[in-house]
Every structure is written in C-alpha cells, then in structure tokens.
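A.B. asks: One line per chain: the protein sequences are A and B, in this order.
The first sequence begins at 1 in our numbering and counts up by one.
The second sequence begins at 1 in our numbering and counts up by one.
Keep in mind the hints are simulated off the structure, nothing from the lab.
Honestly, I wouldn't trust all of these hints.
List of simulated lysine-lysine pairs, DSS-like, C-alpha gap at most 27 Å [unchecked claim]: (1) B/K49 - A/K41; (2) B/K107 - B/K69; (3) A/K36 - B/K49; (4) A/K71 - B/K49; (5) B/K107 - A/K40; (6) A/K41 - A/K67.
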Amino acid sequence: DTAVSQTPKYLVTQMGNDKSIKCEQNLGHDTMYWYKQDSKKFLKIMFSYNNKELIINETVPNRFSPKSPDKAHLNLHINSLELGDSAVYFCASSPPRGTDTQYFGPGTRLTVL
Amino acid sequence: AQSVTQLGSHVSVSEGALVLLRCNYSSSVPPYLFWYVQYPNQGLQLLLKYTSAATLVKGINGFEAEFKKSETSFHLTKPSAHMSDAAEYFCAVSEAGGSNYKLTFGKGTLLTVNP
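This is chain B alone, in the form it adopts within the complex (with noise of 0.2 Å):
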C-alpha cells in the first residue's frame, strides 16, 4: 500500500515569507500525488497534481511543487505567503482499488500566516 508523510503538523510564517511544506511518499510504482487545501469549514480544493509529466507542477494561488524521486519527496512551496492561504494543506496519492483509484492522505499541515 501506498503511504504519505507529511513533516510537521504546524508551520507558521510571516507574511511575505517563503512557504514550505514537506511531504515524501512511499510507493513502489510510480505514484500520482497530489496538494489539496482546504480553508476552515470547507470541503477541499485541488492546488496541483503530479501525474509523470514535468517534475515541477506550478499550481493555483501561487504555490508549486517539486516531485523528486531520488528523495521520495513532493514538496509544496510558495514564494511569498498571503494572510489568504492560512489554511490546512494535504498531501496525497492516488492508489488504485480494485478498478478505481482513491486517494490516501497525510496528515495535514496546518499553515497560520503571521502580520
């Protein structure tokens, strides 16, 4: 079965600052991996998906992504944080069942943003 770390439950910047958000996978076939967000209340929402084209995926908002396979690794960065992307971020792949695919997620990155 396919897993997903993600390194740190909390990571807190000030605006302005550069975003980084650590996750690395475990699979032994080439993974599909994704970052989804999802602001207080709300259901989640696609910020970009790796799907073995360019190692580095440019997604919404500004964030964008690196997939490293020596590392194991799919990194979510953004230059310059915004107030507007405090919000809980996940990483996950996409694994087949039977002859669906369904995503198993890490644990979360509660991003807070600092004035």
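Isolated chain A (complex conformation) (with noise of 0.2 Å):
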C-alpha cells in the first residue's frame, strides 16, 4: 500500500536525451509536488500543483514540464537533459493547508552521462 510511488527508481541516460518519471498518490491529496535534491543533500522545490493546476513553479528551466492528468498523478518530463539535471528527485503529496504533512516518495535518482 505505497503512499506515493515513484517510477522510476532510477534513470541513466545521456546528455541531450528526453526523460520523463512518473509519480502517483493514493491518499487522495489534492496538492502533489516536485523537488529536487543535489548531490549535497540540498532540497528544493520545482512545482506544486493543486487538483491539476500548476500553482507554484519556482524558476526551474522550461525544459522542465510537469503534467498532472488527474490529482493523483504528477510526472515530470524532462527535455535536453544537462549534466546539471543529475540528481534525486522527489515526488510528494499532501492536504492544502500549510499545517499539513506533506509524504514523499522514494524518489528517482536521474544520472545524466
């Protein structure tokens, strides 16, 4: 009964390559997100979307697009990937009140060679 899924768990490709990862949520959350942690640990966050729209985007390049075809899936499509597009990324859900936990996924770990 995984909260929130991500696939998949990791991802290698080359520079220039397209990639997308995928992110589901089974507790009926309306706010899903994507972050972003480098390799020193550091987390930030890329997009938030509430029942399908895109509410927080926090200057990430648009070779990032985030898609959400329902509120219980949000996936991430990459273009161009860049050596600098290497990292784990986390897909994560949660109520709409500041005060709410948000849960994470297990997160993808994208390696751009």
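Both chains are sitting in their own frames, so use the hints and assemble them into the complex.
C.D. replies: Written as structure tokens, this is what we have:
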C-alpha cells in the first residue's frame, strides 16, 4: 500500500535525451509537488500542483515540464537533459494547508552522462 | 521569504548519548516547522511538526523538538541515540506560495551514531 510511488527508481541517460518520471499517490490529496535534491543533499521545491492546476513554479528551466493528468498523478518530463540535471527527484503530496504533512515518494535518481 | 538554518552539517554521537540537532528559522509570520528524516537511499519521513499548538512537540522514534519564538529555534532532541537513528535530518518551514504551501528546507544534518 505505497502512499506515494515513483517510477523509475533509477534513470541513467545521455546528455541531450528526453526522459520522464512518473508519480502517483493514493492518499486522496489534492496537492502534489516535485522537489529536487542535489549532490549535497539540498532539497528545493520545483513545482506544486493543486487539483491538476500548476500553482508553484520555482524558476525551473522550461526544459522541465510537469503534467498532471488527474489529481492522483504528477509526471515530470525533462527535455534536452544536461549534466547539471543529475539529482534525486522527489514527488510529494499533501492536503492544501500549510500545517499539513507532505508525504514523499522514494525518489528517482537521475544520472546524466 | 522564510528560511531555515541548520547548524552543523554533521553530528556524531555515541550510542546512548543525547542527540541535539539545531535548527533556526527566519519568518515574518508565525511559522509552521517540520523535521524530516531521510535514511540512505530512501524518501523523507516526517518526524514531527509544530503548527502553533504546544511548543514542545513529540514525534516518532523518541524524538522531540521545542519551538522557542524568542530564539527563533526549533531544535530536535532525543535522550538516547540508537544505531538505527543514523540518517540525514532536515528541518523545514512551510511557506505559502500562491494558494499552495511549499517546504523550504535547511541544508540537512547527517547524524552518525558510534557503537
């Protein structure tokens, strides 16, 4: 009964390729997020969606395009991958209030060669 | 914008010793504060959170944290460390972004527990 799941867990690809990461949550939450964790373990918000609508976009390059087909899914597509995109990407979900816990997926480790 | 500072990127303790991980925040409004733990190659798991109720918050695995407004701090403690506590710990503040909220994280503190 995984609450927030991501696929794939590992992704190794060449520079210039396009790749997607999928996220699904079965918690019934309206809000979903993408966070990026760099090689120094620093976590930073990328996007937030509320019921399929983009709410937060933290100056992420437009090579990154999130898509939410329904409120239980939030996918991340990355075009023209660069070396600097190598990181662990975490999906999370929560109810909409600031006091609410965000539940994180297991992460997708992206390595760009 | 709100921010979080974690003092000490690496804390090492002996098994059975007190664990103290420091977190200070900067916020112009009453903050919502969180501590998350990340075990190797895993996602983040909530330890505890402060949401303006009791200032002493108890969490899972014997951890607790005290919100001190005068010191703008939310330090995490555990009386007696176990080997299983070895992990990366993140302090975070919840900040409004439009109609949503986002977590702004500190840089993390790696806790190692020595036998």
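A.B. asks: Does the alpha-carbon distance linking B/K107 and B/K69 stay inside the 27 Å limit?
C.D. replies: holds (21 Å)
A.B. asks: Mind checking the alpha carbons of A/K36 and B/K49 for me, to see if they're no more than 27 Å apart?
C.D. replies: Holds, because 22 Å separates the two Cα atoms, which is no more than 27 Å.
A.B. asks: Decide if the proposed pair is consistent with the structure: A/K41 and A/K67, CA atoms, cutoff 27 Å inclusive.
C.D. replies: Status holds; Cα separation ~25 Å.
A.B. asks: For the pair supplied as a hint, B/K49 and A/K41, is the alpha-carbon distance within the 27 Å limit?
C.D. replies: holds (21 Å)
A.B. asks: Is the Cα-Cα distance between B/K107 and A/K40 27 Å or less?
C.D. replies: This hinted pair holds, its Cα atoms lying about 8 Å apart.
A.B. asks: Given the hinted pair A/K71 and B/K49, is their alpha-carbon gap at most 27 Å?
C.D. replies: It holds: about 25 Å lies between the C-alpha atoms, which stays within 27 Å.
Taken one by one, the earlier hints all hold for this structure without exception.
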